[in-house]
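Undergrad: Here is what each chain is made of, one letter per residue.
Protein chains: 2
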Amino acid sequence: MKNRIVAVGSVAKDSIETPFGKVENTVGGSSVYFSLAASFFAPVAVIGVIGGDFPAGFLKKLSKRKIDVSGIEKAEGKTFLWKGRYSWDLNTAETLDTQLNVFQNFSPKIPAPLLSSKFLFLANIDPVLQMKVLNRMRKNNGCFVAGDTMNYWIENRRKALERIIPKLDALMINEMEIREFTSQYNVIKAAKSILSKGVKIVVVKKGEYGVSCFTKAGMFFLPAFPLEDAVDPTGAGDSFAGGFMGYIAKTGSVAWQSIRKAVAYGTVMSSFTVSGFGVKRLLSLRPQELKKRYGDFVKMVHFEKFKL
Amino acid sequence: MKNRIVAVGSVAKDSIETPFGKVENTVGGSSVYFSLAASFFAPVAVIGVIGGDFPAGFLKKLSKRKIDVSGIEKAEGKTFLWKGRYSWDLNTAETLDTQLNVFQNFSPKIPAPLLSSKFLFLANIDPVLQMKVLNRMRKNNGCFVAGDTMNYWIENRRKALERIIPKLDALMINEMEIREFTSQYNVIKAAKSILSKGVKIVVVKKGEYGVSCFTKAGMFFLPAFPLEDAVDPTGAGDSFAGGFMGYIAKTGSVAWQSIRKAVAYGTVMSSFTVSGFGVKRLLSLRPQELKKRYGDFVKMVHFEKFKL
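For the protein sequence lines, the chains are D and G, in the order given.
Per this note's numbering, the very first residue in the first sequence carries number 269; after that it's consecutive.
Per this note's numbering, the very first residue in the second sequence carries number 269; after that it's consecutive.
Bound-form chain D, shown alone (with noise of 0.2 Å):
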């Protein structure tokens, strides 16, 4: 399993409120819709953490994909919990309710089998964790570690963010983020400084506007899959960087072309995501549809001979 791709973050229950409908107490958490999105190109491994309210079912849907959970522990208590709600504009989310429950004193363990793994997720969890991952895993691999973080990070860890993030090969990150994060305003000017500091590929996330994505070769630009479904938003994110990092697991190339099309199957992905509520569109999903919406996807953003 040359192409393994571990992944370390959340699995959550999750209660979400859109203007298209609402859901309750779905399975969802970062690492969930990452591995479901990434088990279409490389297998996956996930390490989180569930309480004893997790439906055992969800993991053998899991399972079933080839994603091994062997790196989920079962902890006493409740599962971590998110509710939230979105308005029209479904690229911010309300958060109503976060309970952390066995995610308070989660520590990632990494299964010994996976230690040799090529490729490293880093979902949006506490950096000081991350960075004990990272630590953990390098020491044993020159494996390719991508990271997603968010505002809470930033505003009450950006020493342990800012010690991280420069050992990242491919930052994931929201427009406002890195904004607020770099303190600059314009994207290009705060991704550049980002790449400044040795991070190899920085990827803004847009929402409904797409996907900037800079490396020193240059960048590249896309606009979301257009949607007249969308209905709820949650996960699009982890999922763009299951498509993203699944293509280059497979691939095992980080060539800029391999980085570009990486970003056309990772903003495919989450189109799909969006599609449905929680994890539903991602668990239907065939590799035909991927396939077909990709192909769709190409005639739509392109408009010239194209050689790099």
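These aren't lab readings, by the way, just hints derived from the structure by calculation.
Just to be clear, a hint being listed does not mean it is correct.
Copies of the same chain are indistinguishable here, so a pair counts whether it falls within one copy or spans any two.
[As the list claims (entries may be wrong)] As a list, the in silico SDA-like pairs of lysine to any residue whose alpha-carbon atoms are at most 20 Å apart: (1) 560 <-> 419; (2) 548 <-> 420; (3) 567 <-> 485; (4) 400 <-> 349; (5) 427 <-> 451; (6) 329 <-> 575; (7) 529 <-> 368; (8) 460 <-> 564.
Could you slot chain G onto chain D? The hints should help.
TA: Using the frame of chain D, we list chain G on its own:
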């Protein structure tokens, strides 16, 4: 001059303030931005009105670009004046002052030699005037007509707008405006409802987030050209329209592939406008710079081999 474009719109004196500086009493107006942009592709004739205070030298600058100014009438009084301010979010202007002046009683007259022109751009003016011009031009020929509008007309001239929009070949409109006009939040659904009225091309402008283009043949999306030095968005929409329509007039084609390239040229053209205050950058722009940036742009948004 088979491919000449007639543009009807405002010629103005603008005072503009942004976080990056300010400029007072500079020449602006929708038909000025449009014609400067379009002149890189095709001959343009401007229909408009100026007052006694208008700098005579500026008309010569337009003429030097082979822009026909025979349709710009001089009236007694002052030129149309606009004063506006942008904050860090350069996407929306706050109007501080508008003085219609000679524009108040403007009734567009098209010089006889221009009546056979095959391309007509109706910039953002009263839809009643737009209709008058459209009828006059269509009486003589089957010209291709593109039109722009704004929230003011949606709110104050809805009936007239509802009459003219179905007669347009191409509608250029902002994201918030198409939502407002159609009472439909989802932009794809909103655009489809405009297409169903008989409009062939709907272009939805999203400022720094780029543009979406809808036709019966399909959808097409582009991000904006990335700028580190965006200073003043005034005229970006009209410059987009100029590049877009200029390319269509130049090629004489409204095939889907031609429309897509037109959207790309419009995008690149508007990026130059935004790099300077007022029309400054458009005036200094050279064809080689345009060609270079178009080529750069292709590499920023393509990721696959492409065949429509």
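Undergrad: Taking the hints in turn, state whether each one holds.
TA: Consistency of the hints with the structure:
1. 560 <-> 419: neither (35 Å within a copy, 38 Å between copies)
2. 548 <-> 420: Neither. Shortest intra-copy (27 Å) and inter-copy (42 Å) distances fail the 20 Å Cα cut-off.
3. 567 <-> 485: between (24 Å within a copy, 11 Å between copies)
4. 400 <-> 349: neither (24 Å within a copy, 61 Å between copies)
5. 427 <-> 451: Only inside one copy: residue 427 and residue 451 sit 15 Å apart there, 47 Å across copies, limit 20 Å.
6. 329 <-> 575: Neither, since 41 Å and 39 Å both go past 20 Å.
7. 529 <-> 368: neither (36 Å within a copy, 51 Å between copies)
8. 460 <-> 564: between (31 Å within a copy, 18 Å between copies)
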